[in-house]
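Chains A and B are the protein sequences, given in the same order.
Be aware that the first sequence starts at 32, since it is given in the numbering used here, and climbs by one per residue.
Be aware that the second sequence starts at 25, since it is given in the numbering used here, and climbs by one per residue.
Hints are computed from structural coordinates only; laboratory data are not their basis.
Because the structure is a prediction, the values reported are computed rather than measured.
For each residue, glycine too, the CB sits at the ideal point set by N, CA and C.
Please note: incorrect hints may appear among the correct ones.
Each pair of labels, with its calculated beta carbon distance range [stated by the list, open to error]:
| # | chain 1 | residue 1 | chain 2 | residue 2 | range |
| --- | --- | --- | --- | --- | --- |
| 1 | A | Gly89 | B | Arg139 | 29 to 37 Å |
| 2 | A | Val249 | B | Glu101 | 55 to 63 Å |
| 3 | A | Ala252 | B | Gly172 | 33 to 41 Å |
| 4 | B | Gly172 | A | Cys85 | 31 to 39 Å |
| 5 | B | Pro252 | A | Leu73 | 54 to 62 Å |
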Amino acid sequence: MSEFRDALRTAIALLVNLDGDLMAIVGLSLLVSLSAVLLAALVGLPLGAAVAACRFPGRQAVRVLLNALLGIPPVVIGLIVYLLLSRAGPLGALGLLFTPTAMIIAQWLLVTPIIAALTQQTVSDLHDEYAEQLRSLGVGSLRAIPTLLWEGRLSLLIAVMAGFGRAIAEVGAVIIVGGNINHVTRVMTTTIALETSKGNLALALALGMLLLLLALAVNAAALVARDVVNRLYG
Amino acid sequence: MAACDTEHQRTGDTTNILPLRVRDICFDVGGKRLIEHISFTVHAGPCLIILGPNGAGKSLLLRLCHGLLSPSEGTIEWAKADSSRARNQQAMVFQRPVLLRRSVAANAHFGLRLRRVPRRQRQAVVSEALRQGGLTHVANRAARVLSGGEQQRLALVRAWTLQPQVLFLDEPTAHLDPAATRAVETLLKRFHAAGTKLIMTTHDLGQARRLADEVIFLHRGRLLEHSPANSFFAQPHSAEAAAFLDGNLLW
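Given the sequences, and given the hints that come with them, work out the whole structure.
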């Protein structure tokens, strides 16, 4: 018990003193996950909206694929990206394996289906509500997508936050494609796994607390944004 | 309401899309015929009220004419305009107003923005439309927190900004109290006076008497009467219409 107390005290000291190594790890984690979520939003939001609002051949197949990808284990995505980026793989010449870019790609693949699936559900409900009015105004399915995305901005913000939560907490894929190299590809989750296995609980605990704080901050920000927009526009 | 043929200033295409010719249309859903061999012609001017009991097919007929649904049989043709050009000269207001999660002013701007009307021109049209609708004082408020009557007036204002030749109205006052109903009717009269053809469904006989210049009476998906309002209310030809006017239930 005292060992845990000591670790906790050291962890708090690391956080309060803004320890350089700790901050570097946190900075890289945020860079990788925010980049992945941004790219995933750029693809997932219009993709989910298109599946919800447009009728096209293969639409059901895309819906099934999106839902199936929701459940794919991160390590499998890590393995696929590893095979693609390894020297013998089709994209090996790019030399991206064990770089933050490889981690961004893996997290992007992981998060895009989440954002797309949640977007599809949100936009589908909105489409039921707005379809007749938009058609009456001469707006076709494709042109309706920006309007529907904007009308669903509150729920979609939550979808993007969910994607960020998934990305920042992910360990399996990034450890495979990043390699957990100190000062290069070491992020919060991979550091927690490594330091715990080494018995260095202080750093692992400090990062764990930071992850919890981040999750709280992100959710609080989403709730505040939602309340403000709700108050302004109903 | 007096017929009015005044052609008001349009924002774009000025092709006159009326008369509307509906020829022998049917509409089937799941093997059931909901609209049965209906034909009529709608000319510019008089306010047309589509009357009938619940389930008569009034809303369906309106959606078919507006192009939201396609008939299973028969044709619907606008004069001198293909369907996309005709669509730009029409607007529709639904029983429950469909408003965006934006401000009142942004909702009023929406239709014009879709038609890529320049901002400065939009601003003038929207200001005037909000003034006509008595909504200037709530222009910056969230649209979806307005009262039911204000929301329906905003839906009308949004339609007004498009200056349609034909405005379809699907029981626009069905959920409103008498005061809000009166406000909506006043706005509709202004629309009509400005030269817009009103085609409206209702099962409110009082409202039909106040607004109608001509009446189409539907029952079980069939058109039983199409006549001037005065003669329809004074001397309906069909037993069903007479029963409806007497307040008897029709099945």
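To see whether the hints hold, each was checked on the structure:
| no. | hint | verdict |
| --- | --- | --- |
| 1 | A:Gly89 <-> B:Arg139: 29 to 37 Å | holds (32 Å) |
| 2 | A:Val249 <-> B:Glu101: 55 to 63 Å | holds (56 Å) |
| 3 | A:Ala252 <-> B:Gly172: 33 to 41 Å | holds (34 Å) |
| 4 | B:Gly172 <-> A:Cys85: 31 to 39 Å | holds (32 Å) |
| 5 | B:Pro252 <-> A:Leu73: 54 to 62 Å | holds (59 Å) |
Hint compliance for this structure: no hint is broken.
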